[in-house]
Structure formats: C-alpha cells, structure tokens
Amino acid sequence: MLDIKFVRKNPELVAKNIENRGAAQDLDDFLKLEQQRRELTQRVQDLKTRRNQASQEVALAKREGRDPAPAMEGLSELSDKIKELDGELKGLDRQVHEWLLSVPNIPAQDVPVGSDEDDNQVVRTRGEKPVMDFQPREHWDLGVELGGLDFEHAAKMTGSRFVMYVGWGARLERALINFMLDVQTGEHGYMETMPPMIVNRDSMTATGQLPKFADDLFKLENWEDYLIPTAEVPLTNIHRGEILQEDQLPLAYTAFTGCFRSEAGSHGKDTKGIIRQNQFNKVELVRFAHPEDSFEQLELLLGHAEEILKRLGLHYRVVNLCTGDLGFGAAKTYDIEVWLPGQGRYREISSCSNFTDFQARRGDIRFKPAQEKKSRLVHTLNGSGLAVGRALVAIMENCQQKDGSIVIPEALRPYMGGMDIIRKQ
RNA sequence: GGAGAGGUGGCCGAGUCGGCUGAAGGCGCUCGCCUGCUAAGCGAGUAAGGGCUUAACCGUCCUUCGAGGGUUCAAAUCCCUCCCUCUCCGCCA
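Residues 1 to 425 in our numbering are what the first sequence spells out, letter by letter.
Since the hints were made in silico from the structure, they are not lab data.
Keep in mind that the hints are not guaranteed to be accurate.
PhoX-like, lysine-lysine: derived pairs with alpha carbons at most 25 Å apart [as the list claims (entries may be wrong)]:
(1) 5 <-> 368
(2) 48 <-> 81
(3) 156 <-> 272
(4) 129 <-> 310
It should be emphasised that the depicted structure is a prediction, and the values quoted were computed from it without experimental measurement.
Start from the sequences, fold in the hints, and give me the full structure.
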C-alpha cells in the first residue's frame, strides 16, 4: 500500500505507475474522494470538539449540584448529526482504503523499464552448463522411470498438478529441505520457524495476496482462512501490528512449508512434471530491514539463495525483473533462474524481492528509531531459499547420465545416507 | 463437544453509583542528581495513529481500553453479537 500523502503529492507518478503496471484504478476519482474525506473529517472533528466541551459542562454542573438541563440544550441533535456524518465518513474511509489496497508498489530507481519477461535484465551468470554427449531427458521422464515420481497415484487420490514422491524421490526432497535449512540457519543467521500453513484474511491482506488475487488462493470452505501460497505470508505477518526496536533490525526468519496455489489462469502451462503444482515445498527467507539499508539487505538475501545453487553445483543466472514483470507489491525483484538441460532453458527457482514499506504499511509493522519520537515503517523482504521441487528437477536434469542414472551432488550425500547415485528402484 | 474465567499502555495490574481516567499503582526504559566501583537512593519523563499550526521545538483538536453494533448529552465502565486467550472435564493426532 502506498502512503496516501505520497499519492496526493505525486499524482502524475502514481498515475503513470498504475498505467505501466496495467492496473485499472482511476486516480482522479480517488483524489476527489480523498478530498471529500479530508473535508468531512475536519467537519466531524469540529462537531466532536463541541460535543466534548458541552459534555464536560454537563459533568461539571452535576458535580457542583447545578441543574444540568441548560448545558444539555441541543446536544441530542448535535449527537445525531455526528452519528450521521460519522457513518458517511466511515464509508469514505473504506473506499479510500480499498483503493489504496489495490494499487501496486512503485518500482525502485534501478528497475529496468519493460513490458514483459523479455525485458528483464540478466545481472550475472554462474557455473557452467553440464556437458552431455547424449540427449538430456526431462525430469518427469527420468523421475517416473527411476520410480521417484508417481503422478498416477497422486492423480487418483487428488487430481492433476499433484505428485507423490516415492523412495529416493521422497528422500531427496527431504534431503534438500534439511540441507537448505541447515545452510540458512547455521550459516546465514536465519531463525528457523514452522508457522501455520493456514492463515486468516488479515495476514493475506498485509502481504498483498488479498484483495486482488483471491483467485490464486485456496480458501477453506466455511472458514475465513486460506492455505498459504508461500511462507512469506506467515513469516511477514509475525510482526504485524508490532513496533520493533531499532537495534532488533534486521530480523531474519526462515521456514520450510508446503505452498498451495490454485494456478488459476495457467491452464496448459507446464502440464507435465512438477514445475507447476498446486502443492509444493519451499524453504522461504524473510527479512525485516531498516529502510536505510533494505536494498543492501536484498543483495544479501539474494546471495543466501544463490549459495544453495552454488553448493549444489547448478548453473544459474540472476535477472533483475523489469517493471512489466514485477510483482504487485515488489519495488525490486531478482529472479534466480536455474538451467534445465532437459527443457533446454532457464527456469525460475527463486524470487527475491524488496517490498520496501508496501507490506509494512498494510500490516502496520514499524520500528522505533532510537533518536526519534515517531515510529517508522520497516521494509520487508523475502525470497525462496529455494523452491524445493524445482531444485529436485534441476538436480535430476543436470546430474543425469547417459544410462539414465542420476549422480547426487556431494553436498546432499550426507543427507542421503551416503547414497551417491540414483538408479532404477 | 460440556462447565467456568478473562481480554486495559513495552510488561504486570487498578478502574468505585456511566462524567476533569488516555487511564491509579508497580515493573521496565530514558534523562538528570547523588554515591570513590557495583548495588541502592532521589527527581523528572515515558502509548499509538491522524488533523490544524510551526523552519523545527511547542501548542491544540480528533480517534483508540479485543472487534463490531446499541443505549445515553456523555461508555474502559451498561446491553447485544462476534473473535481470541486461559482453567477444568470429555474426545483425539
């Protein structure tokens, strides 16, 4: 959510941003509404001042044993008027707030301008594509043949876009989770958590999934709660409505959770394999940062995610998302794209974003500067560290051998009971 | 699911018959004083958000005592609904 004062002072910038982001809000209507709201606020406040003063006199008269009736003259009407205008004001407040909730964040200065993913800027490339003297196979092909991925039974018990990991598949998924958590907690200083995977409406609103993206979420029937699409939601909401101490920043949390996405609107995309599932596992990183250094914190966070890929020996590149590809609440986002030989292209395996004060304002997450009277909004950041299923895909496709076996990366072997190669089971 | 208790400021905790209670008292914290270290002691300050005003400080007004609604000139205090927490019993991973 943008600062209402910022919107008022920078109308042309906000209007341009709304247009660039393909949003549909009308700024002029909003500014009119906001003007009305401010005028009415002032009027109601004045009336309340009068009412409060009069009430004091009634109290005083009673205490001194005088007749309070004269002081009460006309107060009933005044109160009715206040009640009426208060109701009107509440309506305006709600409209103003709802408008603000549906406006995207302003991109950072160094975000490339562009319309879609083709305009994203490659920041760096790390590692090498594996050399293969054979036609690399896709992960679903290998996974099913080697017995680690079972789509048929998952489809029977649930439906499409679900998978059951079996044997080495399940073990490798678990190994990745433990490996990632160990690195992020042990070496990068994140506090490990296991948050709820069901959250309420306020939490979803704070991080920006609601109200605009309800279609992407699974909502529980007869409950006002939702399955989380990412642990970003519970983790960022840890400090919702709180005022932190300045010296607590930055705060860093990590969590392994399931993630649940309806994938509405992506019919026909990635229908094979486990790239796009309605349920997947992810180790998430969330940071609460001081506004002064949140962009340095983003680089740090990005490095924490990259480290996992480096240790797994996977080739990847980092891209700076352009304005057209940037998510709703993000001011700046780096995607990490891992090379998939089977598909012959790079695929997103992590997305690291600085939301500046966008989520903090929605969720009222602040800190108290040591030298100032007023509290300030923190900046929130998050990134995958990493998407576990996609890491599994990357390993399968990058470490496959001509005979169809898969060599397990060194870093994971301790987590695999010493196993170094996956063969048909 | 059954029975009961409660939700007040960073924390604990008062709030009488509704009316100078935005909220006593304590703890914590900040600043100052005192003390040859430490501890103790003394004094002052210490909720958040918003409006007006100011260069800023100050000042002033409005809102907020779990949420929403109602009664009233006036509600932390009375009434209704909801949410949450805790205790006991039952059931269960």
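These are the hints, each one checked on the structure:
{"no.": "1", "hint": "5 <-> 368", "in the structure": "21 Å, holds"}
{"no.": "2", "hint": "48 <-> 81", "in the structure": "10 Å, holds"}
{"no.": "3", "hint": "156 <-> 272", "in the structure": "16 Å, holds"}
{"no.": "4", "hint": "129 <-> 310", "in the structure": "13 Å, holds"}
In this structure, every one of the numbered hints holds.
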